[in-house]
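Q: Spelled out, the chains give:
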Amino acid sequence: MENTETAGASAPAPAGAVVEPVLELSGVKKRFGGVVALNGVSFSLRPGEVHALVGENGAGKSTLIKILCGIIQRDAGSITLGGEAYDPHTPGDAKKAGIQVVHQEFNLLPYLSVAENICFEDMPRKAFGMVDFRTLYEKARKALDAIGLGDVDVRRPVESLGVAHRQLVEIARALMGESRILILDEPTATLTARETERLFQIIAALKAKGVAVVFVSHHLNEVFSICDRVTVLRNGESVMTADIAATTTDQLVTNMVGRQLAAAMAASRDLDTGGRTALSLRNLRHPASPHAEGVSFDLRYGEILGIAGLVGSGRTELLRSIFAADLPLSGTLERDGQPRRYSNPKQAIRDGIGFVTEDRKEEGLILDMAIAANVTLASLRKVSRLGLLNKREETRLAQQLGGEIKLKYGNTADPVSTLSGGNQQKVVLAKWLANNPKILLLDEPTRGVDVGAKAEIYALLRGLSEKGLALLIVSSELPELITLSDRILVMSKHRIAGEVAREDFSEERILNFAYKDERNHGHH
Amino acid sequence: MDTTDLTTAPAGSKTIATTTKTVLREAGIGIALIALIIVFSFTPHFLSSSNVTNILTQVTINLVLSIGMTFVILIGGIDLSVGSVLSFCAVVAGTVMTLPGLDPAVAVFLATISAIVAGIGFGLLNGLISAWWAIPSFIVTLGTLNIARGAALQVTNASTIYSFPAAFNAFGSQTFYGIPLLFLIALVLVAIGWFVLTKTVFGRVLYGIGNNEEAARLAGHNVFFYKVAAFTICGVLVGIGAIIYMARLNIASPIIGIGFELNAIAAVIIGGTSLSGGRGSVVGTLLGACIIGVLANGLILLGLSDFMRQMITGFVIILAVILDKYRERLTKA
Amino acid sequence: MDTTDLTTAPAGSKTIATTTKTVLREAGIGIALIALIIVFSFTPHFLSSSNVTNILTQVTINLVLSIGMTFVILIGGIDLSVGSVLSFCAVVAGTVMTLPGLDPAVAVFLATISAIVAGIGFGLLNGLISAWWAIPSFIVTLGTLNIARGAALQVTNASTIYSFPAAFNAFGSQTFYGIPLLFLIALVLVAIGWFVLTKTVFGRVLYGIGNNEEAARLAGHNVFFYKVAAFTICGVLVGIGAIIYMARLNIASPIIGIGFELNAIAAVIIGGTSLSGGRGSVVGTLLGACIIGVLANGLILLGLSDFMRQMITGFVIILAVILDKYRERLTKA
Amino acid sequence: ADKPVVGLVMKSLANEFFKNMLEGAKAHEAKRGDYTLKAVGMQSETDVETQINAIESFITQKVDAIVVAPSDSRALVPPIKRAVDAGITVVNFDVALDDKAKEEAGLKLAFVGPDNREGAKMAGDALAKKLGAGAKVVIIEGNPGADNAAQRKLGFMDSVAAGKLDLLDSRTAHWETEEANTVFSNMLTAHPDIQGVMAANDSMVLGVVKAIEAAGKTGKIEVVGFDNIPAVQPLLKEKKLLATVDQFGQLMAANAIDKALGVVAGGKPLEGWVKTDIKLVTSDDVK
Ligand SMILES: Nc1ncnc2c1ncn2[C@@H]1O[C@H](COP(=O)(O)OP(=O)(O)OP(=O)(O)O)[C@@H](O)[C@H]1O
Ligand SMILES: Nc1ncnc2c1ncn2[C@@H]1O[C@H](COP(=O)(O)OP(=O)(O)OP(=O)(O)O)[C@@H](O)[C@H]1O
Ligand SMILES: O[C@@H]1[C@H](O)[C@H](O)CO[C@H]1O
Ligand SMILES: [Mg+2]
Ligand SMILES: [Mg+2]
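Order-wise, the sequence lines are chains X, D, Y and C. Residue numbers for the first sequence follow my numbering, beginning at 1 and rising by one. Residue numbers for the second sequence follow my numbering, beginning at 1001 and rising by one. Residue numbers for the third sequence follow my numbering, beginning at 2001 and rising by one. Residue numbers for the fourth sequence follow my numbering, beginning at 3001 and rising by one.
Bound conformation, chain X alone (with noise of 0.2 Å):
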């Protein structure tokens, strides 16, 4: 299903003529001071249908779907809903009439109970106002195990999950109530194959007792797996709408972009076998790890090595113990032949190391601070003499790498939460280039980047290896680490449970080793 080629529309479109559509957007603006995000937008949506919202980053997507929960309110433009007019004012608004979201950002309440957060929104009450905590926990149980987190304890805190299991939650959540629509912003952004594959159990189900979806998502085969229509939002304005068994992946991101996308997603590139060994590690175990033997393996300049592994299998922890953003338990690292042991993230970056982080906003950027500061800031000596700032080099060396990486900004003095969710990560990505590293650990480096960025990001990734850097990549997306990688290592448990050479690369193999182990224990 991951191959956009072969996928159709797996759904057919509702039977019948015209359905009276159930929410109708005409014409919708909206400014955030000078920033135009929505430049009229019309959409309509039908019972039944699951309607994808596709577009780069930036376009409104968010947005939009901000304006239809109540958080934001339109400039202009009209909403009906059910055919009467819509204009909710609070999320409460949006909730009573029967209007669901899963957002793109988390909004989880970490110290408090799965369960509580499943049904945060409406707990089931006692007598005076006591919660019902035997429903709460039955109701919450019944959430998950309908998501297929059968496992989970329901009373655990929120701040112990990983980060799948949290967008599982927030899922869960969304479907607790009744509603007539159900909005999901990037909901597989965080999950693996697998999740993503029962989500889409679940709205199927939905779709089938008439609940409208929208999906948004970046992933078009998901798109044109799941969903009956299509409409694409470019710069604020909504470009086309369309019945999915009627346009082709080419058509859609042609209208994204608003131009023709070279084919940089499938150019494939000379394997590099000669460089020197950069990184060594031997039996490195991250403190979460429950096996002593750790992780062993051997990374060379020009490479890129991709790991997979299932959600929570451990890839970001081995990444945050090769940087000391952890402090490995044991096992021994080697760079350049030489042995290290960094006690802090500091002197791993002083010794050419650079790391993209998992989730830009809580750990790769400074959202308050301007796009240069952040690009310059693991390289701040470079830009400053004797502890002065150079404020002109450090407008230079932004405005030098952000044409390098072909950033959309306007002025490096912006605050970097201005910028669209792709155009951050690329932020993310000139703060190391900014440093020269000679090893880049990259952690989902395009998870939340739209198509276009997405290309761009992987001539850049191409290109760092060609100039001889060495490339760690973590995704949960297959056809990403097939086209990036020159190696794939596939982590299960904290352990690497197989190797994949190139020239052997296929889902499945990989898929494989990635449930070997679970294979092997056989729970159920």
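Heads up, a few of these hints could be off.
Said to hold, decoys possible - Below, a list of computed lysine-lysine pairs in the DSBU-like style, where the Cα atoms sit at most 30 Å apart:
no.	chain 1	residue 1	chain 2	residue 2
1	Y	LYS2199	X	LYS406
2	X	LYS346	Y	LYS2199
3	C	LYS3164	C	LYS3136
4	X	LYS382	X	LYS361
5	C	LYS3038	C	LYS3062
6	D	LYS1199	X	LYS139
7	C	LYS3279	C	LYS3130
8	Y	LYS2199	X	LYS382
9	C	LYS3026	C	LYS3038
10	D	LYS1325	X	LYS361
11	C	LYS3220	C	LYS3279
12	C	LYS3026	C	LYS3108
13	D	LYS1199	X	LYS126
14	X	LYS361	Y	LYS2325
15	C	LYS3268	C	LYS3038
16	C	LYS3237	C	LYS3136
17	C	LYS3268	C	LYS3062
18	X	LYS207	X	LYS142
19	X	LYS139	X	LYS126
20	C	LYS3100	C	LYS3275
21	C	LYS3031	C	LYS3062
22	Y	LYS2325	X	LYS29
23	X	LYS96	X	LYS29
24	C	LYS3164	C	LYS3275
25	D	LYS1199	X	LYS142
26	C	LYS3129	C	LYS3217
27	C	LYS3220	C	LYS3130
28	D	LYS1325	X	LYS346
29	Y	LYS2199	X	LYS391
30	C	LYS3279	C	LYS3026
31	C	LYS3237	C	LYS3220
32	C	LYS3026	C	LYS3275
33	C	LYS3259	C	LYS3275
34	X	LYS382	X	LYS467
35	X	LYS361	Y	LYS2199
36	C	LYS3130	C	LYS3237
37	C	LYS3081	C	LYS3062
38	X	LYS96	D	LYS1199
39	C	LYS3259	C	LYS3026
Bear in mind the hints are in silico, worked out from the structure with no lab data behind them. If you're wondering where the values come from, they're calculated on a predicted model, not measured in any experiment.
Model the placement of chains D, Y and C with the ligands on the given structure of chain X, informed by the hints.
A: Relative to chain X, chains D, Y and C with the ligands alone:
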């Protein structure tokens, strides 16, 4: 095989750990309290029943204020005005209680009501201003701290109010098997606070707001209402605290309560509630208030100089929180 | 044409908006200050040159402490100990300055050094404890508040130190075209603070840590070091503040400085620095300190009763921050 | 309209003692009718800054006379010197400025006020007389560092020596009712055999008496205080308070203002210590 097995093993073991952790959260502070008691028990008189009565009496007012402060801190706020507002509530109640011609019972009843109403008034003010304009409550309550103190002075023209009904004065020193009645009232308030925070929807939403305000708002909760409510609850407790103060000391004056806010905040934080909100409990606050009370009492009994006492108090406050950190690490490992 | 062209049009206007915003951030508070001055200028004497000298003198100590407090609040901390530590630094310096047999110049020099060293000592203590154990600085500095006060009382046995060299005493009341010399020193400190925070790598990283500690750490910055440094800088300024206090009042005593922390925090927050860290400036702090100083002075000149004065102070603190919110909204639209 | 202006600088107006003083001064202003009063108080006993600021403001406003009860006997000397240099008549009352500090500053100033040490000794002696030699007593002190607190402690110590009392403990409760209650309760635990308490002011007496009541020792422990505030009148009547000292605060400021106006009108400058009245008030004085 199902998609759910991914974290089976860790999840199972983690659950137990989680429960233990929750229990230990309070237990850790309890251990610090017990350690302190053991140290002081070598001091003569410390464990005598009359001294236990003393300690409990001395803990009472701080405890009552700390319960309210817990609500405010849980939603990520802070209330610096509690000491001044206590004073304002007391002089209002004192004025009512000494109105000529009132039947004592009626006077006490009306005074109690008016103290609570005054507390609610300032609680509302704090909550409304900080929630409406999204201003840090630190600065809002620094403002109302001054307003309440000035108002208390203005109302009384700086004089002390006394001569309350005899029954009311007697009530303040009453004990029940050596436990001061006022402390029992405070314990009931702890129980109510615990119940509200852990068992009611209202309480869970409060925690939720402290965890992630935006998420709570997106879930359709009226964050504004809850914030105002937390400050108002704090105001109610300040009002009750004022009546307890009057019952204990038989005066009401515009200069009482100076610095009470820091004591209350210290009790809450030592009790393990996070200053950034979302985590903590009233039971922890109870233990925190007891640590402060035991410390003050024990150091006087030890016969240390006032200056040494102040220094040691500082050390122990820090030490209690450091110990709590080690306990936290232990339970994590 | 370049890759940057896609958003040029809105971006261009954004840039201007951004710059305007930055300027307005301080300008807004400046406007509040000017409004206050205009209101008071109807009071006789308010604008007289001798009164201006008064106001500047009265602002000085709070300003010096507020500069240090700005550093601490920028990294998301708070320092409640500044008042007590100022007192401790002053009695240490006073003791040194009055050592028998010292040449006056040497005595003053050694005293200044020792005040700053004492300030650094407590700053280090605050920073190390809160950074090492990741304890809220609120509680750590609440502890050192008590420790420093107790230590100051112990060192002096609660007596006041005086009889400083005549030249030192005279220096404290010197003016320069009506501007107090001490205030000029404070202005220099503001300028240094502004320079460090806006022009150096050190300052940049401090802001970064205040905004997003984890991102700063993963970019290779030693968060521990910066946190300790911020508290230590605050300590240095407290030490300098102690010397300024002594020069102005010609005494050093263990009971001075009570409540100074709240004034300093108020100046920083009114000056637009965010209590949660990462946003703000020393220039804003300067304006915030002036607002507080002008208010205190003007209300005395107005001849209002002390109670009214206290109430109005409370109102204005809140009002200043509310006004700032409206300015913020205006600049956003 | 040419009436002379008198600036009155007091300590904490939150203290009833000063509030009474202010009322006395206002009544005096109305009665004399030939001067304008401008009064300033502080927010706490230790708020030296506000006092200094107030004096500086009065200099700015060119008042004719300043009457000041200093919160610190040394810190106020330089600003007062500036006022005198500006030609303003200054009278120091309630708490005396430090002689040595005055001398160093070249300041000559009279003090109009009570003898706190003597007053405290009067109260202490009353206690000693009631209890007899060898009685076990404690002292509750005022703010450490405050001159009148120190004087009163010395006065109590004089009584302890003269009456051969057994002093068990001496601690500060910062002039505060609640703190006095706590401190004394704890003292009572450590020394269950306390027979007498000397409190440096009556606010603290209120807390002490309540602690005695709570411990069920009413009538077994004698208490003396200082200030004779209204709130202790019932305690005197019920014999829960043995004695207190009235320093006629209401008249004190009025007195000092009279003296200052005399100088302003061309009278001779004051010198030395113009002692004001103090009087022991016992249960017998209250009916
Ligand atoms: N609160 C805001 N203030 C200013 N600009 C904003 C705000 N929210 C969104 N924008 C801007 O509006 C535009 C649309 O953003 P939006 O988040 O809707 O894009 P999106 O299509 O969801 O992108 P992505 O795929 O990256 O999630 C962007 O230029 C964004 O920077
Ligand atoms: N903050 C946390 N607290 C406790 N456990 C966590 C936390 N974050 C992750 N985990 C757990 O650690 C394990 C590894 O998670 P990690 O996120 O490293 O996996 P990953 O392979 O990188 O997957 P992902 O695609 O989610 O990043 C999982 O069992 C996860 O539940
Ligand atoms: O003389 C007064 C009173 O006795 C008061 O109780 C404390 O402050 C002193 O200055
Ligand atoms: Mg989006
Ligand atoms: Mg990961």
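Q: Determine for every hint whether it applies to the structure shown.
A: Hints versus structure:
1. A distance of roughly 29 Å separates the Cα atoms of LYS2199 of chain Y and LYS406 of chain X; the hinted pair therefore holds under the 30 Å criterion.
2. Between LYS346 of chain X and LYS2199 of chain Y the CA atoms are separated by roughly 22 Å; this keeps the pair inside 30 Å, and the hint holds.
3. For the hint pairing LYS3164 of chain C with LYS3136 of chain C, the CA-to-CA distance comes to about 10 Å; that is within 30 Å, so the pair holds.
4. For the hint pairing LYS382 of chain X with LYS361 of chain X, the CA-to-CA distance comes to about 24 Å; that is within 30 Å, so the pair holds.
5. Distance restraint check for LYS3038 of chain C and LYS3062 of chain C: the Cα-Cα separation of roughly 12 Å lies within the 30 Å cut-off, and the hinted pair is therefore satisfied.
6. The suggested pairing of LYS1199 of chain D with LYS139 of chain X holds, with an alpha-carbon distance near 17 Å, which does not exceed 30 Å.
7. With a CA separation close to 18 Å, the supplied pair LYS3279 of chain C and LYS3130 of chain C stays within the 30 Å bound.
8. Our distance criterion of 30 Å between C-alpha atoms is met by LYS2199 of chain Y and LYS382 of chain X, whose separation comes to about 15 Å.
9. The hinted pair formed by LYS3026 of chain C and LYS3038 of chain C meets the criterion: a straight-line CA distance of about 10 Å does not exceed 30 Å.
10. Taking the CA atoms of LYS1325 of chain D and LYS361 of chain X, the gap is about 27 Å. The hint holds against a cut of 30 Å.
11. A C-alpha spacing of about 25 Å is found between LYS3220 of chain C and LYS3279 of chain C, which places the hinted pair at or below 30 Å, so the restraint holds.
12. Annotation: proposed proximity of LYS3026 of chain C to LYS3108 of chain C holds, straight-line Cα distance about 28 Å (limit 30 Å).
13. For the hint pairing LYS1199 of chain D with LYS126 of chain X, the CA-to-CA distance comes to about 10 Å; that is within 30 Å, so the pair holds.
14. At roughly 26 Å between alpha-carbon atoms, LYS361 of chain X and LYS2325 of chain Y fall within 30 Å of each other, so this suggested pair holds.
15. For the hint pairing LYS3268 of chain C with LYS3038 of chain C, the CA-to-CA distance comes to about 24 Å; that is within 30 Å, so the pair holds.
16. Between LYS3237 of chain C and LYS3136 of chain C the alpha-carbon distance is near 24 Å, which keeps this suggested pair within the 30 Å criterion.
17. Our distance criterion of 30 Å between C-alpha atoms is met by LYS3268 of chain C and LYS3062 of chain C, whose separation comes to about 21 Å.
18. A threshold of 30 Å between alpha carbons decides the hint, and for LYS207 of chain X with LYS142 of chain X the separation of about 19 Å falls inside it, so the pair holds.
19. Using a Cα cut-off of 30 Å, the hinted pair LYS139 of chain X and LYS126 of chain X holds, with the two alpha carbons roughly 15 Å apart.
20. Restraint check for LYS3100 of chain C and LYS3275 of chain C: the C-alpha separation of about 19 Å stays at or below 30 Å, so the hint holds.
21. For the hint pairing LYS3031 of chain C with LYS3062 of chain C, the CA-to-CA distance comes to about 24 Å; that is within 30 Å, so the pair holds.
22. Proposed proximity of LYS2325 of chain Y and LYS29 of chain X is supported: the alpha carbons are some 26 Å apart, at most 30 Å.
23. Using a Cα cut-off of 30 Å, the hinted pair LYS96 of chain X and LYS29 of chain X holds, with the two alpha carbons roughly 24 Å apart.
24. Only pairs whose Cα atoms come within 30 Å are accepted, and LYS3164 of chain C paired with LYS3275 of chain C is accepted, the gap being roughly 29 Å.
25. Simply put, LYS1199 of chain D and LYS142 of chain X have alpha-carbon atoms about 22 Å apart, close enough for the 30 Å limit, and the pair holds.
26. The suggested pairing of LYS3129 of chain C with LYS3217 of chain C holds, with an alpha-carbon distance near 20 Å, which does not exceed 30 Å.
27. For a cut-off of 30 Å, the pair hint linking LYS3220 of chain C to LYS3130 of chain C stands: about 12 Å separates their Cα positions.
28. A threshold of 30 Å between alpha carbons decides the hint, and for LYS1325 of chain D with LYS346 of chain X the separation of about 26 Å falls inside it, so the pair holds.
29. For the hint pairing LYS2199 of chain Y with LYS391 of chain X, the CA-to-CA distance comes to about 8 Å; that is within 30 Å, so the pair holds.
30. Using a Cα cut-off of 30 Å, the hinted pair LYS3279 of chain C and LYS3026 of chain C holds, with the two alpha carbons roughly 23 Å apart.
31. Restraint check: the Cα-Cα separation between LYS3237 of chain C and LYS3220 of chain C comes to about 16 Å, which is no more than 30 Å; the hinted pair holds.
32. At most 30 Å may separate the alpha-carbon atoms for a hinted pair to count; LYS3026 of chain C and LYS3275 of chain C meet this at roughly 22 Å.
33. A threshold of 30 Å between alpha carbons decides the hint, and for LYS3259 of chain C with LYS3275 of chain C the separation of about 12 Å falls inside it, so the pair holds.
34. Of the supplied pair hints, the one linking LYS382 of chain X and LYS467 of chain X holds, its CA atoms being roughly 21 Å apart against a limit of 30 Å.
35. Of the supplied pair hints, the one linking LYS361 of chain X and LYS2199 of chain Y holds, its CA atoms being roughly 26 Å apart against a limit of 30 Å.
36. Distance hint between LYS3130 of chain C and LYS3237 of chain C is fulfilled; the C-alpha atoms sit about 17 Å from each other, no more than 30 Å.
37. Simply put, LYS3081 of chain C and LYS3062 of chain C have alpha-carbon atoms about 14 Å apart, close enough for the 30 Å limit, and the pair holds.
38. The straight-line distance between the Cα atoms of LYS96 of chain X and LYS1199 of chain D is roughly 26 Å, inside the 30 Å bound, and the hint therefore holds.
39. In summary, the hint linking LYS3259 of chain C to LYS3026 of chain C is supported, as the alpha carbons are separated by about 16 Å, within the 30 Å threshold.
In this structure, none of the earlier numbered hints is contradicted; all agree with it.
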